[in-house]
Amino acid sequence: MWRVGIVTASDKGARGEREDRSGETIRQLIHEPDFEVAAWELVPDEQKRIQEILIRMADVEGLNLVLTTGGTGLSPRDVTPEATREVIHREVPGIPEAMRLASLRKTPYGMLSRGVAGLREKTLILNLPGSPKAVQECLEAVLPVLPHALETVTGVFGDHGN
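Each step along the sequence shown adds one to the number in the working numbering, with nothing skipped, and position 68 is 68.
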């Protein structure tokens with residue numbers, strides 16, 4: 001079972017002015033038998049704070065997968081991709097490309113998402129959009145490959161052979 005962290009970046013959510021429906025959408029989609037939500041944080045759109053949480057979830061808590069929601073748009077306060085890039089060691093560009101493609105099939109606004117994905121040692125960090133609908137569309141597009149990605153990252157899968 002893969003241990004998952006959810007990080008919601010939302011100024012209004014952190015102030016208690018908005019319910020975290022996007023984080024809840026992730027929790028509903030990420031479920032047993034493959035995944036266990038082991039940590040969940042709701043933070044303001046502050047780059048350093050997001051970075052600290054991503055580092056803690058990866059390095060201290062040893063989570064296999066960290067899914068962020070929010071902060072991937074064009075607003076000046078949308079800094080989740082920048083925070084993620086600061087803490088990952090390698091990008092995994094195909095994951096956000098697949099998510100944007102899935103979004104573009106629904107709306108042209110999908111091209112405005114700036115989410116990234118990457119590895120911090122053996123933790124895969126993935127930025128999802130902030131709306132529950134977009135979270136569902138994007139996560140459903142990549143969810144089937146996440147167990148294989150995590151097996152590869154952690155060495156469970158091993159060599160592909162011929």
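Simulated from the structure, these hints should not be mistaken for lab results.
Keep in mind that the hints are not guaranteed to be accurate.
[To be verified] With beta-carbon atoms standing in for the labels, derived distance ranges:
1) LEU143 to TRP40: 29 to 39 Å
2) VAL156 to PRO108: 16 to 26 Å
3) GLU151 to HIS31: 13 to 23 Å
4) ARG15 to LEU104: 16 to 26 Å
5) GLU52 to ARG15: 25 to 35 Å
[Unchecked claim] For lysine-lysine, the following BS3-like pairs were computed, each having C-alpha atoms within a straight-line distance of at most 27 Å:
6) LYS106 to LYS48
7) LYS48 to LYS122
8) LYS133 to LYS106
9) LYS12 to LYS133
Please read these numbers as outputs of a predicted model, since none were measured by experiment.
Don't be surprised by glycine CBs; every beta carbon is placed ideally from N, CA and C.
Check each numbered hint against the structure and report the violated ones by number, ascending. 1, 2, 4, 5, 6
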